Amino acid sequence: MNKIRVMLVDDHTILREGLRLLLSKQENIRIIGEASKGEDALRMAKELSPDLIIMDISLPDINGISLTRMITQADPRIAVLVLTMYNEKEYLISALKAGALGYLIKEGTIEEMIKAINTVYRHQIYIDRKFPSSVVNEALLRMKDENADESDDILTPREKDVLSLIAEGKSNKEIAAILNLSAKTVDVHRSNIMRKMDVHDAVSLVKKAYQKGFIKIK
Amino acid sequence: MSDFDYKSLFDNAGVAICLTDNRGNVLLANHTFDGLFTQYNVKNIIDIPEEGYKIPIMKVLETASEGHAGVPYPFSFWTEIGGGSRRKYEAYVSRQPGTDYFIITASDVTRRAEAYDELNRRNRELTCLIKIHQLTSSSINLDDITRTTIVESCKIFDFPVGFILMPDSTKLLRVVSYYSVKAIEEGTICHIEEILNTGRILQWARDKFKTIDVGERAIQEITEGERELLNLFEVSSVVAVPMVVKKEINGFIIFGRKDAVPLVFDQLSVLETLAHQIGISINNAMLFTASEQIKRRIVRQNEGLSLLHKIGLLFLQQTEFSDVLKEISKDIFRTTGFDGLTIIFRQGETINKHHFFDSRDTKDGFDCHGNITPSQFIEVIQETLSGKQMMFFEDINNAKGLNQQLMDSLKKCSIHSLFIAPIRLEGAFNGLFSLYTFDKKVSPSEEDISIFTSIYVLIESVLGNYEYKKMLELRKEELSRLSKKLISAQEEEKKRISKDVHDSLGQLAYSLNLSLSTLSKNPELQSSPIFKKAQEIIQQMQEDIRKISYDLRPPTLEEMGLVSALRWLVEHSQKEGTKIGLGVRLSSRIDFPYSVQVQIFRIAQEAIKNILKHSQATEANIFLYENSDSFYMEISDNGRGFLGDSSQSDGIGLISMKERAESIGGNLKIVSAQNEGTTILLEIKK
Numbered sequence: 015m016n017k018i019r020v021m022l023v024d025d026h027t028i029l030r031e032g033l034r035l036l037l038s039k040q041e042n043i044r045i046i047g048e049a050s051k052g053e054d055a056l057r058m059a060k061e062l063s064p065d066l067i068i069m070d071i072s073l074p075d076i077n078g079i080s081l082t083r084m085i086t087q088a089d090p091r092i093a094v095l096v097l098t099m100y101n102e103k104e105y106l107i108s109a110l111k112a113g114a115l116g117y118l119i120k121e122g123t124i125e126e127m128i129k130a131i132n133t134v135y136r137h138q139i140y141i142d143r144k145f146p147s148s149v150v151n152e153a154l155l156r157m158k159d160e161n162a163d164e165s166d167d168i169l170t171p172r173e174k175d176v177l178s179l180i181a182e183g184k185s186n187k188e189i190a191a192i193l194n195l196s197a198k199t200v201d202v203h204r205s206n207i208m209r210k211m212d213v214h215d216a217v218s219l220v221k222k223a224y225q226k227g228f229i230k231i232k
Numbered sequence: 009m010s011d012f013d014y015k016s017l018f019d020n021a022g023v024a025i026c027l028t029d030n031r032g033n034v035l036l037a038n039h040t041f042d043g044l045f046t047q048y049n050v051k052n053i054i055d056i057p058e059e060g061y062k063i064p065i066m067k068v069l070e071t072a073s074e075g076h077a078g079v080p081y082p083f084s085f086w087t088e089i090g091g092g093s094r095r096k097y098e099a100y101v102s103r104q105p106g107t108d109y110f111i112i113t114a115s116d117v118t119r120r121a122e123a124y125d126e127l128n129r130r131n132r133e134l135t136c137l138i139k140i141h142q143l144t145s146s147s148i149n150l151d152d153i154t155r156t157t158i159v160e161s162c163k164i165f166d167f168p169v170g171f172i173l174m175p176d177s178t179k180l181l182r183v184v185s186y187y188s189v190k191a192i193e194e195g196t197i198c199h200i201e202e203i204l205n206t207g208r209i210l211q212w213a214r215d216k217f218k219t220i221d222v223g224e225r226a227i228q229e230i231t232e233g234e235r236e237l238l239n240l241f242e243v244s245s246v247v248a249v250p251m252v253v254k255k256e257i258n259g260f261i262i263f264g265r266k267d268a269v270p271l272v273f274d275q276l277s278v279l280e281t282l283a284h285q286i287g288i289s290i291n292n293a294m295l296f297t298a299s300e301q302i303k304r305r306i307v308r309q310n311e312g313l314s315l316l317h318k319i320g321l322l323f324l325q326q327t328e329f330s331d332v333l334k335e336i337s338k339d340i341f342r343t344t345g346f347d348g349l350t351i352i353f354r355q356g357e358t359i360n361k362h363h364f365f366d367s368r369d370t371k372d373g374f375d376c377h378g379n380i381t382p383s384q385f386i387e388v389i390q391e392t393l394s395g396k397q398m399m400f401f402e403d404i405n406n407a408k409g410l411n412q413q414l415m416d417s418l419k420k421c422s423i424h425s426l427f428i429a430p431i432r433l434e435g436a437f438n439g440l441f442s443l444y445t446f447d448k449k450v451s452p453s454e455e456d457i458s459i460f461t462s463i464y465v466l467i468e469s470v471l472g473n474y475e476y477k478k479m480l481e482l483r484k485e486e487l488s489r490l491s492k493k494l495i496s497a498q499e500e501e502k503k504r505i506s507k508d509v510h511d512s513l514g515q516l517a518y519s520l521n522l523s524l525s526t527l528s529k530n531p532e533l534q535s536s537p538i539f540k541k542a543q544e545i546i547q548q549m550q551e552d553i554r555k556i557s558y559d560l561r562p563p564t565l566e567e568m569g570l571v572s573a574l575r576w577l578v579e580h581s582q583k584e585g586t587k588i589g590l591g592v593r594l595s596s597r598i599d600f601p602y603s604v605q606v607q608i609f610r611i612a613q614e615a616i617k618n619i620l621k622h623s624q625a626t627e628a629n630i631f632l633y634e635n636s637d638s639f640y641m642e643i644s645d646n647g648r649g650f651l652g653d654s655s656q657s658d659g660i661g662l663i664s665m666k667e668r669a670e671s672i673g674g675n676l677k678i679v680s681a682q683n684e685g686t687t688i689l690l691e692i693k694k
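Note that the protein sequences, when read in sequence, are chains W and S.
When we follow our numbering, the leftmost residue of the first sequence carries the number 15, and every step to the right adds one.
When we follow our numbering, the leftmost residue of the second sequence carries the number 9, and every step to the right adds one.
It is worth saying that the hints were derived from the structure and are not from the lab.
Here the structure is a predicted model, which means the values were calculated and not measured.
Check the hints yourself; a few may be wrong.
Once the Cα atoms are required to be at most 20 Å apart in a straight line, the calculated SDA-like pairs of lysine to any residue come out as [stated by the list, open to error]:
{"no.": "1", "chain 1": "W", "residue 1": "144", "chain 2": "S", "residue 2": "549"}
{"no.": "2", "chain 1": "W", "residue 1": "51", "chain 2": "S", "residue 2": "511"}
{"no.": "3", "chain 1": "W", "residue 1": "187", "chain 2": "W", "residue 2": "204"}
{"no.": "4", "chain 1": "S", "residue 1": "694", "chain 2": "S", "residue 2": "638"}
{"no.": "5", "chain 1": "W", "residue 1": "184", "chain 2": "W", "residue 2": "199"}
{"no.": "6", "chain 1": "W", "residue 1": "174", "chain 2": "S", "residue 2": "590"}
Kindly generate the complete structure, drawing on both the sequences and the hints.
Structure (structure tokens):
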């Protein structure tokens, strides 16, 4: 049986020692290298081409997510298992997007880690069990979609009301009457909308609003 | 001619006399012979019956004007005297030199010579009066008028000596002009003034000064009290003629006469007219001079005002103090002839010096060659001024009360005229304003001095303000620098602590956790409640470590940037009843450094905290967007808002948001109205 050749990337010596001790008891795992800095990790990954890297996110030079991206892009055969203190969805998604196959929070047991190592080694995804399934689903969904990160809707509900009335060709005065606002307030909204949409006249404003789908053609 | 008083000249003639124009219209005739020249218009009545035909006066006048001006041309005429009888008159006519006027004198046959003499005398007098009139109406120079009139009148009346006297400000008489056939020795004039001011003339002048009536014949022959005058000029009598203008005596003309025969009434009349004429002219000239002075003063004051206005504006526009002074000095040099302006003032322990020159480039100011320091300078000047508002030395070489050391120092710099005034800052004598010339004398007018006074008072107050403001600004800058430093130092410190807690403690806890989990395979331990408790404690510890760490350092911010961090913030700030959204429209990744991103994040964190705590909003949004000029973060809610009163919201929170914004070069605007929600807009210029 081939041993899984594992490289440890973590700047905490105690942790590395602990892991080395615990993992070395596993028959199918062999620790072939350790790095405490991103720079060293990059070099060693290239030299040793390990099967799997256990990767911390907080590193003194390059952060573990960027490092994951660099390593997996250079050599897709290397499986990366992120092992971090962070239990945030954002890190999970970023790590997956960067090419990590596994994500473990530094809270779990050694059993879970061994399970994760074995899964990731087979190039399958392993996500820490502490994440609720909704988060895991969202993460798996979003890791494929580069652009669905966040809404690009930057208008307040009130501004959207004003914008759609502008698109209907209503004057400030009419809009004010409809929305029960003062004409001055409508004017303030109008100039705020223009600033947000980065346009300088009403025609480009309406055009852009349609393009961005803020208003629908009836 | 209208303001020329011929009438009184004619009134007392012994024969009939009239003045006509060149068409024979009678302009003036004496009262005595009214019947002759006005009852019968000279234009019509003149005829020569012996010759059998009438010659119109025009013909006579034509003939007369063909001859030399002033030469009497004889003719005769008859007039009806009632009852069919007629009287023959012998008459003379002559054209007044330099004019188109004719004087006609007439008498009965027996007094033919008298009429001839009368005409000649009138001609002479009138010529003099006209000359003086012409002169006085064409000149406004007081010296010219007085000199010419006294010389001309002495010549015409054949007086060997004459003086024009006018009262000075102390109402003592002063000789303003004189004429003498004999040379007047030095000191004589003063002597004359003494005599006149102690004698009857002055007394008389004082008595009459305000009450004289033009109708009164205010002529005084001096024959006794001022006898010394007679001796001085070897004259037989003296006549004093008051110059009466608007019923007030504004001076005297005093003539010395060869004979002591009292003047006849009409001679006095001529002199009086002359004096009146001169009086009016002098008056006019004085008025003119005064008005010119006033005009000059107004012009100067206007210049001064516009200068002050300019200074005010410059200061308002926050122009650098020394630039303002440079502008001022240019104007002062141009209008007053000063060459240099130096301002020295003490601010705490610092001595500030500003000097500006246009005629010499002495660089160090007017104390350049002296062995006197600016600080000593201030002391010395303070001593010299000894509480005075200002001092002016026309010539420092002859200046009294100037410190010797200072004077030597000034002399070395070739300073000639010097104006100094104190500058009082914070109530104490703390500097000086000085203007000076090199090697030349200037005499600033009262207006100039008053302008300088205004300028240095203005400078004083501006300087006070300016220095105060400068100090304040420095303090503010210092404070803001410290505050920025503090804000970023805080974040640095938090980051460090967070790393310590999170990374070291957290890792240790995890190592421990892993070890425990290995041990948990041991069945003995598995059943041990202490072991279980230990595992729980480790879990709790890790939870706490994470929480503390996140408080100290926004998660994901450093590794994944602002948007991620804000998403985390939004997700972890959800509260029942308030929906928080995040909208991002950025064309590229935000590449602000961590120190900036962390402040933006903190602002959002504070804003969201406020919204959840105070606003009662049902919806809130964080928007990130940009345009070509700026990056924006907008946090708005639909809550109850607040009206200016930030205590309703978290006042300190608002201030700290603003401070954070400033610390990263951003601008934070908070717009809120009652029940209209609140919008916080952070703008960072690209």
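Looking at the structure, which of the earlier hints fail to hold? none
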